[in-house]
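Protein chains in written order, with my numbering: chain U, 1 to 386; chain R, 1 to 386.
Rather than coming from a laboratory, the hints here were simulated on the basis of the structure. Treat the hints with care, as some may be off.
Each pair may be met inside one copy or between any two copies, as identical chains are not told apart.
[What the hints assert, rightly or not] Straight-line C-alpha distance at most 20 Å; calculated SDA-like pairs for lysine to any residue: (1) 71 x 103; (2) 62 x 228; (3) 235 x 328; (4) 308 x 30; (5) 160 x 127; (6) 258 x 270; (7) 160 x 378; (8) 242 x 373; (9) 160 x 366; (10) 160 x 379; (11) 342 x 274; (12) 369 x 379.
2 protein chains.
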Amino acid sequence: MEEFTVTPWEVKGRVDYEKLIKIFGTEAITRDLLERLERLAGGELHVLLRRGVFFSHRDFDKILDDLEKGKGFFLYTGRGPSGPMHIGHLIPFILTKWFQDRFRANVYIMITDDEKFLDEEKMSLEEARHWAFENTLDIIAVGFDPDRTFIFHDTEYIGKMYPLAIKIAKKINYNLVRAVFGFTGSTNIGLLFYPALQIVPTFFEKKRCLIPAAIDQDPYWRIQRDLAESFGYYKVAAIHSKFLPPLTGFEGKMSSSKPETAIFLTDDPKTVRTKIMKYAFSGGQPTIELHRKLGGNPDIDISFQWLKMLFEPDDRRLKEIEDSYRSGAMLTGELKEYLIDKINRFLEEHRERREKAREMIHVYMREGKLARAMWERDLLDTNTDP
Amino acid sequence: MEEFTVTPWEVKGRVDYEKLIKIFGTEAITRDLLERLERLAGGELHVLLRRGVFFSHRDFDKILDDLEKGKGFFLYTGRGPSGPMHIGHLIPFILTKWFQDRFRANVYIMITDDEKFLDEEKMSLEEARHWAFENTLDIIAVGFDPDRTFIFHDTEYIGKMYPLAIKIAKKINYNLVRAVFGFTGSTNIGLLFYPALQIVPTFFEKKRCLIPAAIDQDPYWRIQRDLAESFGYYKVAAIHSKFLPPLTGFEGKMSSSKPETAIFLTDDPKTVRTKIMKYAFSGGQPTIELHRKLGGNPDIDISFQWLKMLFEPDDRRLKEIEDSYRSGAMLTGELKEYLIDKINRFLEEHRERREKAREMIHVYMREGKLARAMWERDLLDTNTDP
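Using the sequences provided together with the hints, build the complete structure.
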């Protein structure tokens, strides 16, 4: 019996990531793999890789083989637009952009307005489409190459995807989606069909596809990997990230329905300060005296963990903070101030890029070089691969 | 226990149509209804109505109410492009055209290339799309009004239909499609989703929709009728036809996989003659002498039944043939010659119209007045109703 649950729709309990590798049957990202990647990337690895936020993979070694042979690869990730995005949601996009920058790879980003509408009883299609638009701005703000990136909303791009989707759907039956996703007799027939659609972009090019995503999406890729070769395509490769822990502690994941657990990309500086001061679970001692004497515990301190996972890329600086906090020299309040400052600077820049994204949305979705090619081509005709 | 089976995918045994009305819970088309229709149509009813080929309905009386109130209605029918079309396949289209001519109503014709591909294990999508094109030519040859008719292939028009389809799909779960269509754990997820798509065109206009179709399609409309009002639309009305019996006798229906059971629209005059002479089940006697003495039985004679159901619209002439055959004056060979001549004349005209249809396909599918409106509008925006 596990004491935690991870599915595409739910994360409960404190996730044991080593156990998750065994449960999902994936592989750990080893030092060895990271060193190969570093050589190929010709420079320091991204903090999300260096610090083990991406911890698990499938066939990532084969992506490296392909790179060594000069074959190349493409990237695919996505977002279910269920509401405003929080900082945790950006993690796969930040790493995807890093891969794109280093290897000049094409990036496909699927915004699954259909899936969110079908999955959430109370969400209207109009709301899902509204969030699809808003989230697209946040994703563009990450800074993808406008000529090598195609962002698409399912309910808009379905006309191109459907013929390929039904070819995939014909090979997936109810028993399989019940077993993989836990669907039941009450699951609506739109959601039953949806897994076929999420697989389509893995066939956008006849190269290996790398998916940076939170590990809860892995079930989709298991089905893809069973089918891909019968279609003449590669099994997808994936690298899986841990969840950025909720402010309130390591249980579950950040949730839009519990605002105290997350920092949203739209939170203003004052809200950020209040949330972190009030909710960020601390590894410090109850009083300053005790803290100075016994020291804090950065391993369970969410502010420190956020710095480590994303917000303090300087390894030396992070070590200083860790030592200082552990020794009791740095107080919880000081640690929190440090994080608040980092986050508010990050969000300020994000907001500026997000405003500029309004003018760029047509480029990523319609008029950029890759976007235009994807609207013109026939996905069943592999001679039109970008 | 019934001794026959009628589902969207199978017809077995000799269909008892009166029983079918009870099993499906539809209503018989009464003399009364036909008289009301005749008054509204301002002229003689089509032979398919006069002779009871269309025998069952749902809410057809409400279509007549709407007509009397000057509200109007629209027509929807379709075709699963599994192969070449035979004469039986034309029946719903012939009656649909008659309704269009009499009431200047819009007609929507869905060609379900996706469903046929998903349903038939050995059919490729490319084949289904090939037959979609070929069948469209046969349907255009029936003579619909090019500005009031929109013919669309699912895999082409899906981009417009999908947003509305998922709104419908969200209200249909696996238990329902299992109960209604007999789907099982081995049914593929494309086919599980398909019923939502077949319902979409019933919401193309905020008027009542009349569906002339063979009765095996009724299960789809039962689901539509449960949902329609929650979407602010009308429950569909339908009139159901009997199956034109196979040449070989009253068991089952004509089948593309058994060429001796059917006359195809592409059969040349010699093939028509051979098939009817060789296979058309006869109500005549074993020898001429016995036939002259005892007479034939038109009630079980397929040649006579085909004349009655479709090919001899002249009531007086039909009566003469019936009497003459029953008395023994007309021999089976003479009856068959009469039918062969009728069919060959029909097919010759059909072939000519089918050749001309090649130039018209773009009008019905893209450029005609209704087709253009349907490609321009947003199906979720009811203000754009044609």
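Status of each hint after checking the structure:
1. 71 x 103: within (11 Å within a copy, 63 Å between copies)
2. 62 x 228: Classified as within: same-chain Cα gap 15 Å, cross-chain 51 Å, threshold 20 Å.
3. 235 x 328: Neither. Shortest intra-copy (50 Å) and inter-copy (72 Å) distances fail the 20 Å Cα cut-off.
4. 308 x 30: Result: close within a single copy only, 19 Å intra versus 79 Å inter.
5. 160 x 127: So residue 160 and residue 127 pass the 20 Å test across copies only (19 Å; inside, 23 Å).
6. 258 x 270: Only inside one copy: residue 258 and residue 270 sit 18 Å apart there, 76 Å across copies, limit 20 Å.
7. 160 x 378: Both. Shortest intra-copy (7 Å) and inter-copy (17 Å) distances satisfy the 20 Å Cα cut-off.
8. 242 x 373: Result: close neither inside a copy nor across copies, 34 Å intra and 49 Å inter.
9. 160 x 366: Classified as both: same-chain Cα gap 13 Å, cross-chain 18 Å, threshold 20 Å.
10. 160 x 379: both (7 Å within a copy, 18 Å between copies)
11. 342 x 274: For residue 342 and residue 274, the Cα distance is within 20 Å only inside one copy (15 Å; across copies 87 Å).
12. 369 x 379: For residue 369 and residue 379, only the intra-copy Cα distance (16 Å) is at most 20 Å; the inter-copy one is 30 Å.
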